[in-house]
Amino acid sequence: MKKILSLLIFVSSLFFSGQSQADNLLMARTRLSFPEAMLKLQDSIHEQGYTVSRIQRVDIGLTKSGYRTDKYRVVFFGEAKLVKRLSNDYPQLIPYLPFKIAIFAEGEETLLIASNPHELTRNVYPELESTMQKVEKDMLAIFKSMRDDE
Amino acid sequence: MHRDFPALSHMLVFLFFISLPVFAEENGAALYEENCAVCHGNDGRGGVGVPLALPDFQYAVSDQFLERTIRKGRPGRVMPAFNNLDDAQVKAIVRHIRSWAPGKPIAHPSIKVKGDPVKGRALFAKNCAACHGSKGEGGKGTGVTFSRPRDLPIIAPALNNRGFLYAASDQMIKATLMNGREGTPMVSFLKQGLSEQDINDIVSFVRSFEKQTPVNVTHEPDRNKLASVYESPYDMKETIAALKRAIIGENFRIIRIQNLDSGLVDEAQEDTHKVIIYFCNFQLLNDALAVDPRVGLFLPCRVTVVEKDGKVLVYALNPKRLSYLFNNAELNKLCEGMSETYISIIEEATL
Chain U
169 MKKILSLLIF VSSLFFSGQS QADNLLMART RLSFPEAMLK LQDSIHEQGY TVSRIQRVDI
229 GLTKSGYRTD KYRVVFFGEA KLVKRLSNDY PQLIPYLPFK IAIFAEGEET LLIASNPHEL
289 TRNVYPELES TMQKVEKDML AIFKSMRDDE
Chain B
-18 MHRDFPALSH MLVFLFFISL PVFAEENGAA LYEENCAVCH GNDGRGGVGV PLALPDFQYA
42 VSDQFLERTI RKGRPGRVMP AFNNLDDAQV KAIVRHIRSW APGKPIAHPS IKVKGDPVKG
102 RALFAKNCAA CHGSKGEGGK GTGVTFSRPR DLPIIAPALN NRGFLYAASD QMIKATLMNG
162 REGTPMVSFL KQGLSEQDIN DIVSFVRSFE KQTPVNVTHE PDRNKLASVY ESPYDMKETI
222 AALKRAIIGE NFRIIRIQNL DSGLVDEAQE DTHKVIIYFC NFQLLNDALA VDPRVGLFLP
282 CRVTVVEKDG KVLVYALNPK RLSYLFNNAE LNKLCEGMSE TYISIIEEAT L
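Protein chains in written order, with this note's numbering: chain U, 169 to 318; chain B, -18 to 332.
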């Protein structure tokens, strides 16, 4: 009986293992056109207290090399003190800094994608929990603001 | 105390009933918009995901097919498993999807289709493999993505997929083959000249994919590793120069070299001991975008050189650490290649 019970618990833990994949890959679709969505994204990032450090125009490089593509950018952002602290004290996070959001046109609409930075540190650096929970909350707020586009 | 008790339980019963409608009326449209629209489009036209609004699709599938697809997704085929949604939420989403094609979906008696999988195999190779792959592994790429040129207007779903085989009944597969799906490359094979018996044989063959051992999405030992780090025998400047040579040697183009905190602090304040080298190969990038338009998250390629306590260290991200989030087996393969490229660039530069 005990065996069956623990098996059941094990199996259900496979199916209901807390965080779902969907929470770790943030995605949003907006009815805004690409240029409008770009502006709104930058506003949303500022509103959450971050600085946009750079915008990589992926589409330009592709087009110059002769490939066809719709508008595609990667927006880098961060907060100076946070990026400094994370990169000094947690060098394993360096390749993931500054944070970024990929944004691209799909027909008349625009899609946004980011990985949830909190996912990188969860269960690895418990002392970063509250810091990274805040980053997660801010990212979710940015994505929510992009979705609520009516 | 005794007196209060019945009052409390009345109160609870009352609370239970007023809260019932809240559970019953999960907002399907809002849940759909939050969880599905990004891939399937606000009105189910498709995008990174396949279309869901087509009448022929809706009539061929049962609510159970939709519910099971939402629950288990399609492992390795982008469509995620939504194990964070409860039953009421899943049902609300299904109701919302159904609102696009009013009418009753055909009922699928759980009757198994009886056919000959051996005959079915030959018919499959002839009629289906061109789009669905010789092993039923599905077409390459994602959904109907409008932003890039592609061969088929809609991707052919994987038929050997655990998630698909779990959700689809024999009768659903049969109905799809008999009727086709108007508005997609999937045509009626009855109209193509196959007999009902041929179709039964093909259904049996598709069902036999279940018996194959699934291609394992194993937990590779290094999947959880955040980054690779190498110590360079050279100083900062020499290391950057060596990396540039190695990057160009691997057929990449240097896009930009900058301090990690560039754009976040005043230029004069930048930390010159953390330097990012961004690089790209546009042909590889173009191929990668065809596999999954979301690969922008890995872009551009980069290594970061850090000087700390007299040591020079080179960091590269572990692409596999992110790729599993995408549930895309093709992308996993690309990331495998990307890992090797990173390693060979850094090893060459730091040897």
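Among the hints, a few may not be true.
With the C-beta cut set under 8 Å, the calculated list includes, among others, these residues of chain B facing chain U [as the list claims (entries may be wrong)]:
{"hint": "1", "residue": "Y147"}
{"hint": "2", "residue": "L265"}
{"hint": "3", "residue": "L278"}
{"hint": "4", "residue": "R283"}
{"hint": "5", "residue": "T285"}
{"hint": "6", "residue": "Y296"}
Below are the DSBU-like pairs computed for lysine-lysine, each with C-alpha atoms no more than 30 Å apart in a straight line [to be verified]:
{"hint": "7", "chain 1": "U", "residue 1": "K239", "chain 2": "U", "residue 2": "K312"}
{"hint": "8", "chain 1": "B", "residue 1": "K289", "chain 2": "U", "residue 2": "K252"}
{"hint": "9", "chain 1": "B", "residue 1": "K292", "chain 2": "U", "residue 2": "K249"}
{"hint": "10", "chain 1": "B", "residue 1": "K192", "chain 2": "B", "residue 2": "K53"}
{"hint": "11", "chain 1": "B", "residue 1": "K206", "chain 2": "B", "residue 2": "K218"}
{"hint": "12", "chain 1": "B", "residue 1": "K72", "chain 2": "U", "residue 2": "K312"}
{"hint": "13", "chain 1": "B", "residue 1": "K85", "chain 2": "B", "residue 2": "K95"}
{"hint": "14", "chain 1": "U", "residue 1": "K239", "chain 2": "B", "residue 2": "K121"}
{"hint": "15", "chain 1": "U", "residue 1": "K252", "chain 2": "B", "residue 2": "K121"}
{"hint": "16", "chain 1": "U", "residue 1": "K252", "chain 2": "B", "residue 2": "K116"}
{"hint": "17", "chain 1": "B", "residue 1": "K116", "chain 2": "B", "residue 2": "K95"}
{"hint": "18", "chain 1": "B", "residue 1": "K172", "chain 2": "B", "residue 2": "K121"}
{"hint": "19", "chain 1": "B", "residue 1": "K225", "chain 2": "B", "residue 2": "K121"}
{"hint": "20", "chain 1": "U", "residue 1": "K312", "chain 2": "B", "residue 2": "K289"}
{"hint": "21", "chain 1": "U", "residue 1": "K302", "chain 2": "B", "residue 2": "K301"}
{"hint": "22", "chain 1": "U", "residue 1": "K312", "chain 2": "B", "residue 2": "K301"}
Stretches of chain B that chain U covers, calculated by requiring three or more beta carbons in the stretch to come under 8 Å of a beta carbon on chain U [to be verified]:
{"hint": "23", "stretch": "29 to 42"}
{"hint": "24", "stretch": "179 to 188"}
{"hint": "25", "stretch": "245 to 259"}
{"hint": "26", "stretch": "308 to 321"}
Derived from the structure by calculation, the hints contain no laboratory data. Just so you know, even glycine gets a beta-carbon here, dropped at the ideal spot from N, CA and C.
Consistency of the hints with the structure:
At about 13 Å, the closest approach between the beta carbon of Y147 (chain B) and any beta carbon in chain U exceeds 8 Å, and the interface hint on this residue is violated. At a threshold of 8 Å, the smallest CB-CB gap from L265 (chain B) to chain U is about 11 Å, leaving the interface hint violated. Evaluation of the L278 (chain B) hint against chain U yields a held restraint, the C-beta minimum of about 5 Å falling below 8 Å. The interface hint given for R283 (chain B) holds, since its Cβ lies 7 Å from the closest Cβ of chain U, which is under the 8 Å cut-off.
Annotation: interface hint on T285 (chain B) holds; nearest CB of chain U at approximately 5 Å, less than 8 Å. For the restraint placing Y296 (chain B) at the interface with chain U, the shortest Cβ-Cβ distance is roughly 5 Å, inside the 8 Å limit, so the hint holds. This hinted pair checks out: K239 (chain U) and K312 (chain U) have alpha carbons roughly 22 Å apart, not beyond 30 Å. The suggested pairing of K289 (chain B) with K252 (chain U) holds, with an alpha-carbon distance near 14 Å, which does not exceed 30 Å.
A C-alpha spacing of about 23 Å is found between K292 (chain B) and K249 (chain U), which places the hinted pair at or below 30 Å, so the restraint holds. Straight-line distance between C-alpha atoms of K192 (chain B) and K53 (chain B) comes to about 18 Å, which keeps the hinted pair within the 30 Å bound. For the hint pairing K206 (chain B) with K218 (chain B), the CA-to-CA distance comes to about 28 Å; that is within 30 Å, so the pair holds. For the hint linking K72 (chain B) to K312 (chain U), the alpha-carbon distance of about 23 Å falls within 30 Å, and the restraint holds.
Between K85 (chain B) and K95 (chain B) the CA atoms are separated by roughly 26 Å; this keeps the pair inside 30 Å, and the hint holds. Restraint check for K239 (chain U) and K121 (chain B): satisfied, since their Cα atoms lie roughly 22 Å apart, inside the 30 Å limit. Between the alpha carbons of K252 (chain U) and K121 (chain B) the distance comes to roughly 41 Å, so the proposed pair goes past 30 Å and is violated. Under the criterion of a C-alpha separation no larger than 30 Å, the hint pairing K252 (chain U) with K116 (chain B) is inconsistent with the structure, at around 50 Å.
For the hint linking K116 (chain B) to K95 (chain B), the alpha-carbon distance of about 21 Å falls within 30 Å, and the restraint holds. Annotation: proposed proximity of K172 (chain B) to K121 (chain B) holds, straight-line Cα distance about 26 Å (limit 30 Å). Pair hint K225 (chain B) plus K121 (chain B) does not hold up; C-alpha atoms about 33 Å apart against a cutoff of 30 Å. For the suggested pair K312 (chain U) and K289 (chain B), the alpha carbons sit about 39 Å apart, so the restraint of at most 30 Å is broken.
Note on K302 (chain U) and K301 (chain B): the hinted pairing holds, with a Cα-Cα distance of about 25 Å set against a maximum of 30 Å. Restraint check for K312 (chain U) and K301 (chain B): satisfied, since their Cα atoms lie roughly 27 Å apart, inside the 30 Å limit. With a threshold of 8 Å between beta carbons, the proposed coverage of the stretch 29 to 42 of chain B by chain U is violated, since 1 of its residues qualify and at least three are required. A count of 0 residues in the stretch 179 to 188 of chain B with a Cβ less than 8 Å from any Cβ of chain U is obtained; the coverage claim is therefore unmet, three being the minimum.
For the stretch 245 to 259 of chain B, the assignment as covered by chain U holds, since 5 residues bring a beta-carbon within under 8 Å of that chain's beta-carbons and 3 suffice. With 1 residues carrying a beta carbon less than 8 Å from a beta carbon of chain U, the stretch 308 to 321 of chain B misses the three-residue requirement, and the given coverage is violated.
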